[in-house]
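Construct the complete structure from the given sequences, taking the supplied hints into account.
Note that UniProt numbering numbers the sequence shown so that position 4 is 4, with each residue one more than the last.
Among the clues, some could well be false.
[To be verified] So the derived label-pair ranges between C-beta atoms look like this:
#1 Arg127 - Thr22: 47 to 57 Å
#2 Ile128 - Asn31: 34 to 44 Å
#3 Tyr141 - Arg17: 28 to 38 Å
#4 Pro62 - Met37: 18 to 28 Å
#5 Thr173 - Asp135: 20 to 30 Å
#6 Arg127 - Leu172: 19 to 29 Å
[Unchecked claim] Each computed SDA-like pair below joins lysine to any residue, with the alpha-carbon atoms no more than 25 Å apart:
#7 Lys36 - Val80
#8 Lys95 - Leu142
#9 Lys156 - Arg181
#10 Lys115 - Arg99
#11 Lys107 - His123
#12 Lys95 - Cys70
#13 Lys156 - Glu144
#14 Lys85 - Tyr170
#15 Lys24 - Arg181
#16 Lys14 - Glu144
#17 Lys107 - Ser74
#18 Lys41 - Leu142
#19 Lys107 - Tyr139
#20 Lys107 - Asp69
#21 Lys156 - Ile110
#22 Lys24 - Arg88
#23 Lys36 - Phe75
#24 Lys95 - Pro62
#25 Lys14 - Glu52
#26 Lys85 - Asp69
#27 Lys156 - Cys70
#28 Lys107 - Pro150
Rather than coming from a laboratory, the hints here were simulated on the basis of the structure. Since the model is a prediction, treat every value here as computed from it, not as a measurement. For each residue, glycine too, the CB sits at the ideal point set by N, CA and C.
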Amino acid sequence: MLDLAGGTGDLTAKFSRLVGETGKVVLADINESMLKMGREKLRNIGVIGNVEYVQANAEALPFPDNTFDCITISFGLRNVTDKDKALRSMYRVLKPGGRLLVLEFSKPIIEPLSKAYDAYSFHVLPRIGSLVANDADSYRYLAESIRMHPDQDTLKTMMQDAGFESVDYYNLTAGVVALHRGYKF
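Okay, structure coming up:
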């Protein structure tokens, strides 16, 4: 299993338990500092036997073809520069019969919620970031990266164009977050 853009390893820890001692989870992230943080965090909680750490760019994954049964990317695809290239790279390293799961901020499907969400994201969140973390810019970037990310149907089409089949998505929190799933057959 590949946990792509896995950062601090929160999901990797859960996946490690799911695959058990005979399985393997690869925690991959483009950012060396995040990868180091994830490694330290997982070691501190005793997750050491079935996890590997790889610094990797999602657009050019450094794994052989048909390596993984499952690939996940959670709240990371919106930060990838060339999403189409990354999806093709994920498809390449996925085994036939394997699945890709993309969990990402998306577009709210209820209009009043969409307007409130935008107002919160672009006005309230940066202000909170400024007050709490003295970093309004990072919170502004978060809002902008969410807005620039493809909507649910567009991402579904992008996954299909990369080769994935039986692609579907599930809106969570009225579409604020969506889980996309696609298979390689």
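Do the alpha carbons of lysine 36 and phenylalanine 75 lie within 25 Å of each other, as the hint requires? holds, 19 Å
- Has the given pair, lysine 36 with valine 80, been kept, meaning a C-alpha gap of at most 25 Å? holds, 20 Å
Item to complete: Take the C-alpha atoms of lysine 156 and glutamate 144, compute the straight-line distance between them, and say whether it is at most 25 Å.
Response: Within the cut-off at roughly 21 Å; holds.
**Study point:** Holds or violated: lysine 24 to arginine 88, with C-alpha atoms at most 25 Å apart
**Key:** At roughly 22 Å apart (the allowed maximum being 25 Å), arginine 88 and lysine 24 satisfy the hint.
task = Could you say whether the range 28 to 38 Å given as a hint is met by the Cβ separation of tyrosine 141 and arginine 17?
result = Since tyrosine 141 and arginine 17 have Cβ atoms about 33 Å apart, the given range 28 to 38 Å holds.
Exercise for the section: Decide if the proposed pair is consistent with the structure: lysine 14 and glutamate 52, CA atoms, cutoff 25 Å inclusive. Expected result: holds, 14 Å
**Asked** CA of lysine 95 to CA of cysteine 70, is that 25 Å or under?
**Response** Judged against 25 Å, a Cα distance of about 8 Å means the pair holds.
So the hint says 34 to 44 Å: do the beta-carbon atoms of isoleucine 128 and asparagine 31 match that? Once the Cβ atoms are compared, 24 Å apart, the range 34 to 44 Å for asparagine 31 and isoleucine 128 is violated.
Restraint status (C-alpha distance of lysine 156 to cysteine 70 at most 25 Å)
Distance of about 18 Å is within 25 Å: holds.
- Message: With the threshold set at 25 Å, check whether the alpha-carbon distance from lysine 41 to leucine 142 stays at or below it.
- Response: holds, 24 Å
- Query: Going straight from one Cα to the other, do lysine 107 and serine 74 come out at no more than 25 Å?
  - Reply: holds, 16 Å
Hint check: lysine 95 vs proline 62, CA-CA at most 25 Å. Holds or violated? holds, 15 Å
Violated hints, in rising order: 2, 8, 10, 16 and 20; the structure is consistent with all others.
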